[in-house]
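Please build the complex by placing chain B on the supplied structure of chain A, with the hints as guidance.
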Amino acid sequence: MSRYRIPGHGRVDHGAPVSFIFDGKTYQGLRGDTVASALLANGVHLMGRSFKYHRPRGTVTAGSEEPNALIGTSRGPGRFEPNTRATVQELRKGLVTESQNKWPRLSFDIGAINDRAYMLFSAGFYYKTFMWPKSFWDKVYEPFIRSAAGLGKSPTENDPDRYAARYLHTDLLIVGGGPAGIASALVAAKSGARVVLVDENPEMGGALLSDPSVMIDGAPAWEWLDTSLTELRAAGVRLMTRTTAIGYYHQNFVGLCERLTDHLDTPPADAPRERMWRVRADQVVLAQGALEKPLVFDGNDRPGVMLAGSAQTYLNRYGVRVGDNPAVLTCHDSAYHAAFDLADAGSRIAAIIDTRRDVRPDLTDAAAQRGIRVMQGHTATGTKGRLRIKSVRVNPVQDDAVGKPVEIACDALLMSGGWTPSLHLFSHTKGSLAWDADSNTFLPDRRTEACQIAGAGRGLWGFGPVLEDGVNAGLAAIEALSRSGNPRDLPVQNDRLGTGVSHTELPTDLSAGKAKAFVDFQNDVTAKDLRLAVREGMRSIEHVKRYTTNGMATDQGKMSNINGLMIAADALAKQPPQVGLTTFRPPYTPTSFGAFAGYLRGQTFQLTRTTPIDPWAEANGAVFEPVAQWRRGWYFPKPGEDMHAAVARECRATRASVGIFDASTLGKIEVAGPDAVEFMNRMYTNPWTKLAPGRCRYGLLLGEDGFIRDDGVIGRLSSDLFHVTTTTGGAARVLNMMEDYLQTEWPDLNVWLTSTTEQWATVALNGPNALALLKPLVEGVDWDDFPHMSVAECSVAGLPARLFRLSFTGEVGFEVNVPARHGLALWTALIEAGKPYDICPYGTEAMHVLRAEKGYIIVGQDTDGTVTPQDAGLDWAIGKAKPDFVGKRSLSRPDIVAKGRKQLVGLLTEDGSKLEEGAQIVLDPNQPLPMKMVGHVTSSYDSAALGHPIAMAVIEGGHDRMGEVVHIPMPDGVRRARITSTVFYDPTGERLKA
Amino acid sequence: MLLIHCPYCDETLPELEFAYAGEAHIARPVDPSALSDEEWRDFLFIRTNARGTHFERWRHIHGCARFFNAARDTVTDRFLVTYKAGESRPDLTVKESAE
Numbered sequence: 001m002s003r004y005r006i007p008g009h010g011r012v013d014h015g016a017p018v019s020f021i022f023d024g025k026t027y028q029g030l031r032g033d034t035v036a037s038a039l040l041a042n043g044v045h046l047m048g049r050s051f052k053y054h055r056p057r058g059t060v061t062a063g064s065e066e067p068n069a070l071i072g073t074s075r076g077p078g079r080f081e082p083n084t085r086a087t088v089q090e091l092r093k094g095l096v097t098e099s100q101n102k103w104p105r106l107s108f109d110i111g112a113i114n115d116r117a118y119m120l121f122s123a124g125f126y127y128k129t130f131m132w133p134k135s136f137w138d139k140v141y142e143p144f145i146r147s148a149a150g151l152g153k154s155p156t157e158n159d160p161d162r163y164a165a166r167y168l169h170t171d172l173l174i175v176g177g178g179p180a181g182i183a184s185a186l187v188a189a190k191s192g193a194r195v196v197l198v199d200e201n202p203e204m205g206g207a208l209l210s211d212p213s214v215m216i217d218g219a220p221a222w223e224w225l226d227t228s229l230t231e232l233r234a235a236g237v238r239l240m241t242r243t244t245a246i247g248y249y250h251q252n253f254v255g256l257c258e259r260l261t262d263h264l265d266t267p268p269a270d271a272p273r274e275r276m277w278r279v280r281a282d283q284v285v286l287a288q289g290a291l292e293k294p295l296v297f298d299g300n301d302r303p304g305v306m307l308a309g310s311a312q313t314y315l316n317r318y319g320v321r322v323g324d325n326p327a328v329l330t331c332h333d334s335a336y337h338a339a340f341d342l343a344d345a346g347s348r349i350a351a352i353i354d355t356r357r358d359v360r361p362d363l364t365d366a367a368a369q370r371g372i373r374v375m376q377g378h379t380a381t382g383t384k385g386r387l388r389i390k391s392v393r394v395n396p397v398q399d400d401a402v403g404k405p406v407e408i409a410c411d412a413l414l415m416s417g418g419w420t421p422s423l424h425l426f427s428h429t430k431g432s433l434a435w436d437a438d439s440n441t442f443l444p445d446r447r448t449e450a451c452q453i454a455g456a457g458r459g460l461w462g463f464g465p466v467l468e469d470g471v472n473a474g475l476a477a478i479e480a481l482s483r484s485g486n487p488r489d490l491p492v493q494n495d496r497l498g499t500g501v502s503h504t505e506l507p508t509d510l511s512a513g514k515a516k517a518f519v520d521f522q523n524d525v526t527a528k529d530l531r532l533a534v535r536e537g538m539r540s541i542e543h544v545k546r547y548t549t550n551g552m553a554t555d556q557g558k559m560s561n562i563n564g565l566m567i568a569a570d571a572l573a574k575q576p577p578q579v580g581l582t583t584f585r586p587p588y589t590p591t592s593f594g595a596f597a598g599y600l601r602g603q604t605f606q607l608t609r610t611t612p613i614d615p616w617a618e619a620n621g622a623v624f625e626p627v628a629q630w631r632r633g634w635y636f637p638k639p640g641e642d643m644h645a646a647v648a649r650e651c652r653a654t655r656a657s658v659g660i661f662d663a664s665t666l667g668k669i670e671v672a673g674p675d676a677v678e679f680m681n682r683m684y685t686n687p688w689t690k691l692a693p694g695r696c697r698y699g700l701l702l703g704e705d706g707f708i709r710d711d712g713v714i715g716r717l718s719s720d721l722f723h724v725t726t727t728t729g730g731a732a733r734v735l736n737m738m739e740d741y742l743q744t745e746w747p748d749l750n751v752w753l754t755s756t757t758e759q760w761a762t763v764a765l766n767g768p769n770a771l772a773l774l775k776p777l778v779e780g781v782d783w784d785d786f787p788h789m790s791v792a793e794c795s796v797a798g799l800p801a802r803l804f805r806l807s808f809t810g811e812v813g814f815e816v817n818v819p820a821r822h823g824l825a826l827w828t829a830l831i832e833a834g835k836p837y838d839i840c841p842y843g844t845e846a847m848h849v850l851r852a853e854k855g856y857i858i859v860g861q862d863t864d865g866t867v868t869p870q871d872a873g874l875d876w877a878i879g880k881a882k883p884d885f886v887g888k889r890s891l892s893r894p895d896i897v898a899k900g901r902k903q904l905v906g907l908l909t910e911d912g913s914k915l916e917e918g919a920q921i922v923l924d925p926n927q928p929l930p931m932k933m934v935g936h937v938t939s940s941y942d943s944a945a946l947g948h949p950i951a952m953a954v955i956e957g958g959h960d961r962m963g964e965v966v967h968i969p970m971p972d973g974v975r976r977a978r979i980t981s982t983v984f985y986d987p988t989g990e991r992l993k994a
Numbered sequence: 001m002l003l004i005h006c007p008y009c010d011e012t013l014p015e016l017e018f019a020y021a022g023e024a025h026i027a028r029p030v031d032p033s034a035l036s037d038e039e040w041r042d043f044l045f046i047r048t049n050a051r052g053t054h055f056e057r058w059r060h061i062h063g064c065a066r067f068f069n070a071a072r073d074t075v076t077d078r079f080l081v082t083y084k085a086g087e088s089r090p091d092l093t094v095k096e097s098a099e
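So the protein sequences, as listed, match chains A and B. For the first sequence, UniProt numbering gives the first residue as 1, with consecutive numbering after it. For the second sequence, UniProt numbering gives the first residue as 1, with consecutive numbering after it.
Just chain A, with the same shape it has in the complex (with noise of 0.2 angstroms):
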């Protein structure tokens, strides 16, 4: 058993070691203890180098708020965790952990060399450095940043356990298991109300557990912790340990993020590692108690430097005396508690070291019993040792003026500059705070939520007046809900209040500007970027807090905002309420994406819809892509072919003889009422009413400001019926979009609008033999009254169907719609009827070149929100004698009638290269840099029909440039291309009419 573990002490068990290893040796914890008390109990201090100087860092805290102690964690394959805190994480056997941000080792690491190069690294480094020469950005300044700057190493693997998510509705939330938090639950419970108490530690009782002198309500105070959570435990009170209050949002919506397995020596198979709690509750307790505040002086980052407190939590939870010759620097009475706690504890306090000349004589009293000296009125100026902490320089301090240094030798040094109240979840409800001058800190002040703050939280101090203030915020609570409860009183013996005062640095004989002195241990953020911030002309502690980074660690300035606030404050020479907090945003401590996540990962996540002939394709080996959430065969490779070779056979067979394609991705809305052509001339561009039962015609649809918005073959089926198409991805937008009109601006249109999409499987056919492989298959056409643009309801291998005959690829072609659950069937049959004319599948990509030929647009591809029917050349789309239609006023804006937009054209290339889709496009290629980009290059596609590259763009004026010739740049060269009309094949349309 290491010297600094107390045998029997704490509430660790001492019958069970726990052994685990750091940096590759193996130490000896106890079942209870965090990798932070296991190692100082084996005397380690150093655990980690800092973010930017790489100096050697101890621990600082005992909890949650730890800004240096920040190990790796593994849990065997694909479980590393980077950034754990040592001081939370929970040792279990066979625990692996390393230090961060070292090389080639903890105790010598070649990047401390920016240590010494820290005029270069002060605030706004990166703003100024670096600078010159230019050249020197990519090769050399850049990569060197890129490898030297991160918090720890990234897994590299898929995270392979499971996260869970819970909802949670109850009457009481009291986040804070500390005394406060106890005492409201006590009394809330016996109410009758529901209560939900958690905690981030392992263990209900806060303070207690760190400082467990007092006596509550005549016993000891772990024995009255014991019997308080027995009672809370008997009244039905849920309590919830390991479990963090990460965020608090509207209408007492609470985040909690419960961690289950990572403290098990083997967790159960299956068993998820986190679990989120979304809460909603009627009330909520805020009893998160009070962070402890470091003092800020030249070396206050040497390893074995930490908070008073903290050492008085490793001392009296995990029996583990932080030094045997610590010194104390503080300038608030708790500390004085830590020092004699540890003095009793046999450790040698080597000096009290008070900035105040005054203090309360029953502490200078205690101190002199135990033979502690106490150093009134001094101010700490250094530390020396290089791993750990060797000495303090001290010296006296009168009316301002700082006298000789002494040095005292010690191992330790516990430090308090004040406590600041936990104010995290109140700011994240935007709840206002007000600055309290006495104890120089923000309190909570107005509140947005249904909320009770309580203890240390609000500014109070000593365990009587929390307890007292816990009581009366659990009877607050349920008075709000509407309960009545009683008062409880639960006296306490040997309280130890206390108060303190606040400062800014320490003050020192030293030069300032050569202070290493910390504010944001993380982020190394000294006073003097603080300083040099303001000087620089940053003024807002927004804009401070960002030149410096200071708060912005993943402690998000727990530690260091009120320092940071007190010294800029100082600095611009304002009172700090003047200064203002930067904002607290969730989540309060740092929280994996496996808990946000929980079950939504994969599928659960985003689904993959699949079309019912999606299994033919897979059988036959098609090659996916998604489009929207959709899953679609991209193209059919046969065996040895690549996708170009697969795309030109696939397009070469359609216009040859037939091809298949699987529409049913299309969108489909059901248009139906007998104000349904009223409803379709005002929403499409086109005139609907001449057009008859069993035609179809392309519809086009814009948004009120002119654009194209979608587009789609429509279909009327008689007087009062439409079957509208749409883009696939566009689907919801336009039912939506079609809803939004008629319920919001023509309710008096009687037209029912049904979504119809997974409701029809949609099977295209295409190529001069469609017509011959598909008439025998159809019962119920007219044949000789059944051109192109007709639509009928028939039956298709004996299958009920809608028959759309329509072309997107310039041949003859059919589109067949018949109920999904028979898609499969008529796809197979259709392959089947097919075969004597070597009937070919085709996928997206074919049809995507078989449309290009032709011209036809596809909406988001060729159009971009900004592109309206003139640009795209769909001038006959509109409807020029309707009174108005969604868009229509928009085309006569100055904006879109105006000269030079950009309109959709061809493009031939000269050297018959394929262009990229997405290049730029500018008129003079000799123009100097930066170029005027004149439009870009929406679709190309190599076309097999016409033996060459094709692409369509849309270029400035791109009407009235027929014929000219443009350039697009690109990295090998530019290329010359011939602007042209967007029909690339069949221009007169003759295949159509075969």
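Note that these hints are calculated values from the structure, not bench results. Think of the CB as a built atom: it goes at the ideal place given N, C-alpha and C, for glycine as much as any other residue.
Pairs of lysine-lysine, DSBU-like flavour, derived with a Cα cap of 35 angstroms:
{"no.": "1", "chain 1": "A", "residue 1": "K139", "chain 2": "A", "residue 2": "K516"}
{"no.": "2", "chain 1": "A", "residue 1": "K430", "chain 2": "B", "residue 2": "K84"}
{"no.": "3", "chain 1": "A", "residue 1": "K888", "chain 2": "B", "residue 2": "K84"}
{"no.": "4", "chain 1": "A", "residue 1": "K882", "chain 2": "B", "residue 2": "K84"}
Restraint ranges, calculated between C-beta atoms of paired labels, are given here:
{"no.": "5", "chain 1": "A", "residue 1": "R483", "chain 2": "B", "residue 2": "D77", "range": "25 to 31 angstroms"}
{"no.": "6", "chain 1": "A", "residue 1": "E625", "chain 2": "B", "residue 2": "D77", "range": "35 to 41 angstroms"}
{"no.": "7", "chain 1": "B", "residue 1": "R47", "chain 2": "A", "residue 2": "G900", "range": "27 to 33 angstroms"}
{"no.": "8", "chain 1": "A", "residue 1": "D911", "chain 2": "B", "residue 2": "S33", "range": "45 to 51 angstroms"}
{"no.": "9", "chain 1": "B", "residue 1": "D10", "chain 2": "A", "residue 2": "K899", "range": "50 to 56 angstroms"}
Leaving out everything else, chain B in the frame of chain A:
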């Protein structure tokens, strides 16, 4: 996660069921062709962007699918009232004094 009261379902339900739909009480002109370019521009693009009470449209898209109106405070994100499409803007001063 806000809780939103659907005036058609008469139930208060999680925000996940709803979709935002822009500012309320901007009726499409009966005859857009009668509007000047400036008037049409204002209808298309100009919004109040209120700091404080904002009248806006929501759709209970994963519920009854109806569009409705709401008054929401854009500073506190609090819903003051929701009401059916077509109803006139409620007088919130009356509501406040009643509370």
